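> Here is what each chain is made of, one letter per residue.
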Amino acid sequence: MIRVENLTFDYPGHRALSDISFAIQPRTITALVGPNGAGKTTLLRCLAALDRPGAGRVMLDDIDVHEAPRAAHERMAFLPDFFGVYDDLTVRHCLDYKARAHGVPSGRRTMAIGSAAERLGIADRLNDYAGTLSRGLKQRLAIAQAIIHAPQVALLDEPAAGLDPEARYSLAAVFRGLRADGMTLIVSSHILAELEDYSTDLLAIRDGVIVDHHALLDELRTQDRAAPMQLHLARADQRIGSILASLAGVSDIVVDGLSATFAFTGTLDAQHALLKRLLDEGLPVAEFAPLHGTLQDSYLALMRQQGSA
Amino acid sequence: MNPELLRNLWLQFSPQRTLAAPLILGAIVALVAFGTSTSWSSMAWTANGGFFLIAYLWGARRAVNVLADEITAGTWDGQRMSSIGPWTMAWGKLLGGTAYVWYCAAICLLVFAVAQVKLGEAAELPLKLTLQITGALFVQGLALLLALVMVGKGRRLGRRFVAFAQGGAILIGFFGISHLLLPAGGLRWVSDLAQSVTWFGIDFPIDQFVLLTQCLFLAWTLVGLYRLMGSELQVPQGPWVWALFSLFFIAYYQGLAILEDSGSTTVRLGSALLVAASLYYIAIFAQAHDIVRYRWLLQSSREDKARRAWALTPLWMPSLLIAAVLAVCFRYSEATMASAHPELRGLLVLQNVIDPRALPIALILFMLRDLGIVLLLNFASRPKSPDLAAILYLIVLYGVGGGLAIVLGAYQLLPWLIPGAGGNGLTVLAAPLIEIVVVFALVWRRWVAQDQALRPQPA
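Going line by line, the protein sequences match chains B and G. So the first sequence is numbered by our numbering: it starts at 1 and just counts up by one. So the second sequence is numbered by our numbering: it starts at 1001 and just counts up by one.
These aren't lab readings, by the way, just hints derived from the structure by calculation. All values derive from a computational prediction rather than experimental measurement. Hints may contain errors.
[Unchecked claim] A short list of chain B residues far from chain G (calculated; beta carbon distances all over 10 Å):
id: 1; residue: Asp10
id: 2; residue: Glu74
id: 3; residue: Asp88
id: 4; residue: Gln145
id: 5; residue: Gly162
id: 6; residue: Ala215
id: 7; residue: Gly249
[Stated by the list, open to error] Selected chain G positions facing chain B (Cβ under 10 Å, derived; list incomplete):
id: 8; residue: Glu1004
id: 9; residue: Leu1006
id: 10; residue: Glu1070
id: 11; residue: Thr1072
id: 12; residue: Ala1073
id: 13; residue: Trp1076
id: 14; residue: Gly1085
id: 15; residue: Thr1134
id: 16; residue: Asp1290
id: 17; residue: Val1292
id: 18; residue: Ala1324
id: 19; residue: Asn1378
id: 20; residue: Arg1382
id: 21; residue: Ser1385
id: 22; residue: Gln1450
Ideal Cβ positions, reconstructed from N, Cα and C, are used throughout, including at glycine.
With the hints as extra help, turn the sequences into a complete structure.
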């Protein structure tokens, strides 16, 4: 869907992005995380063809976004950190303008306005002036404006900044809904707990380089990667440690009574084979599941690791 | 319909505002009518003044604000992300942002037209109306153009810059037409003498020539708006349109040159060189000069990425090239002029201060030195108002330094301060050459320091 190749972006006296490459799969929500000044906003602006990098390219399917920015914008949406809405226009006019600006044909415009307003929960506010909306509703209007042309990709920079917990929760539901409808999202945020609610992938950036990029959801895990697992037995079995140690892909085993935690490297099929093997060995397995740490734990561990490197 | 135009119409034409304009302007007209016993000349004068205030002053401000408001409100990135192309965006903003201004201005024009008919001057009405409309459009277009130039230079278009763009547009667009673009015309208006202008040997009535000039420069303004808007919308741009405009501008001035006999080639080249040098300085100050741009330009050139390099080429390069070609031509035609028109050479030799043979080459060297000063200030690790500082330095060097040297009779210092002045051919060229070496050595130091900061850090 999105392919970034050797992207480099400089500000005077400071390299913001340093020769970075990665790919984003379709129908995913990628959490773009990193400390302040890591290059998140610069990366999003380069992806959106708002800023031109010094070197490298960004491909949206077969479109080089910096060679054909208008064509890319027809398939993209971007919500900047400090977004604005037209306070003196009604919500309907705001959406109508964006639909026209994105070239939505007149026959489909009314439907597009209704659909975007419905999806973002502002259908009952269409005749209100944008300036009278609360911060949360303005945020929804801004997102509705951005996606009115049904883009394939949405880039959102700190979309939950300044929102109350309820508004954040409903925003997460919106993002999950957009993904379910086939959209690919890249969301930058400092609020990691909120990203955890809906992200499928993690893209961590520090000092302008990608330090980690992996799938967060098990069903999306396609490549071998050590993941923490937890095992509970129905009754004690002294063999558990030695059996686990003898299996391929298993490491870092810690046995504690009826429980054992370990790291497992492998796909979902390999995980299935591992469970089958444990059962075949006669272990009384009562629970077998990935051990979920919070996104915040992973992020902090990663940043500590990068900081000490 | 143009979405940007439509959005501006929604914003500006509420029923209340739509009714308010004719009511307020009608009340003013009624006041003038009753106050002057329906004197049509007073009415025409008032309508004309009203049009100037509305279309020129208010219109220029609106044209800047249509962009400044977007940036302040945080909606500009959203517009840049739309599918609207540069031309649609440019004219949508120009006409949309000033739509209400034109609504009010049209009322003034209507009153003016009625007054002119009543005064028996209906025959001149179409020309006068066209002059007013193109003149106001030109000023508004220039205002938006200046706003785009400042946005391109990374300015945030606060109140100070809005006022600067508005004032600059009125100064260039209104007074510039009569005094800068039409130097002879301005004098004629003031002294109320001849009412015609000779351009490339053709006599034009002055009003018609002003209209022609306004239309030509309005057309170039629209081209400029399209190009600058394209830059904002990330459409790669090279400097060829600027080069074409420079050639047009030089040719336009050549048409106004007074001398027509065959011996005036050197004077023509001299005037062309002066125009080219002015355009070079405009080009320098119209663009941002951050080190990143030059770094990538160099890299693209090294990697034979011609298209990318061309898009990164700064405007001053073609301007310098044009000026250099003209300077060389001027230099080699000077000998002919000296023999054919010794009285003209005498004009250039001010108390034996100016060496006309070395002048064109020295001028190019000084232009290079000044570029070095601008780059030096821009390549600082934290540049603070580098343009303003550069202008200040240049004023001090040329104005204060040069003036003091002349007043004090220190002619030996002049080769360092004024192009072609104060010495023999060797000194007037050696002095700016040494200055260039010193300035560019300092530029190089800053380049190396910045370059190291941009190199990837070892893991």
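> Take the hints in turn and mark each one as holding or not.
So, going through the hints one by one against the coordinates:
1. Not every CB of chain G is more than 10 Å from the CB of aspartate 10(B) (nearest about 5 Å), against its label as outside the interface.
2. Distance check on glutamate 74(B): its Cβ comes as close as 5 Å (rounded) to a Cβ of chain G, failing to clear the 10 Å threshold; non-interface status is violated.
3. With a closest Cβ-Cβ approach of about 6 Å to chain G, aspartate 88(B) is found to fall inside the 10 Å limit, against its non-interface label.
4. For glutamine 145(B), the non-interface assignment is contradicted: its Cβ lies about 7 Å from the closest Cβ of chain G, within the 10 Å cut-off.
5. Chain G leaves glycine 162(B) outside its interface by the beta-carbon criterion, the shortest separation being 13 Å against a cut-off of 10 Å.
6. At the 10 Å boundary, the C-beta of alanine 215(B) stays outside the reach of chain G, the nearest C-beta of that chain being 26 Å off.
7. Distance to chain G confirms glycine 249(B) as a non-interface residue, since its nearest Cβ pair spans about 29 Å, more than 10 Å.
8. The restraint placing glutamate 1004(G) at the interface with chain B holds, with a minimum CB-CB distance near 8 Å, inside the 10 Å limit.
9. Look at leucine 1006(G): its Cβ gets to within about 7 Å of chain B, closer than 10 Å, so that hint holds up.
10. Interface hint at glutamate 1070(G): satisfied, since its Cβ lies 8 Å from the closest Cβ of chain B, which is below the 10 Å cut-off.
11. For threonine 1072(G), the shortest C-beta to C-beta distance to chain B is roughly 8 Å, which falls under 10 Å, so the interface hint holds.
12. Look at alanine 1073(G): its Cβ gets to within about 4 Å of chain B, closer than 10 Å, so that hint holds up.
13. The closest approach between the C-beta of tryptophan 1076(G) and any C-beta of chain B is roughly 8 Å, which is under the 10 Å cut-off, so the hint is satisfied.
14. Interface hint at glycine 1085(G): satisfied, since its Cβ lies 6 Å from the closest Cβ of chain B, which is below the 10 Å cut-off.
15. Because the closest C-beta pair between threonine 1134(G) and chain B is about 29 Å apart, greater than 10 Å, the hint is violated.
16. For aspartate 1290(G), the shortest C-beta to C-beta distance to chain B is roughly 5 Å, which falls under 10 Å, so the interface hint holds.
17. Contact between valine 1292(G) and chain B, as hinted, is supported at the beta carbon level, the nearest pair being about 5 Å apart and thus within 10 Å.
18. Interface hint status for alanine 1324(G): violated, as the beta-carbon distance to the closest one in chain B is roughly 29 Å, over 10 Å.
19. Taking 10 Å as the C-beta cut-off, the interface hint given for asparagine 1378(G) holds, the closest approach to chain B being about 9 Å.
20. Because the beta carbon of arginine 1382(G) sits about 8 Å from the nearest beta carbon in chain B, less than 10 Å, this interface hint is met.
21. With its C-beta approaching chain B no nearer than about 15 Å, serine 1385(G) sits outside the 10 Å limit, and its interface hint is violated.
22. Hint status for glutamine 1450(G): holds, given a least beta-carbon distance of 6 Å to chain B, under 10 Å.
In terms of the numbered hints stated before, the structure departs from hints 1, 2, 3, 4, 15, 18, 21, listed from lowest to highest.
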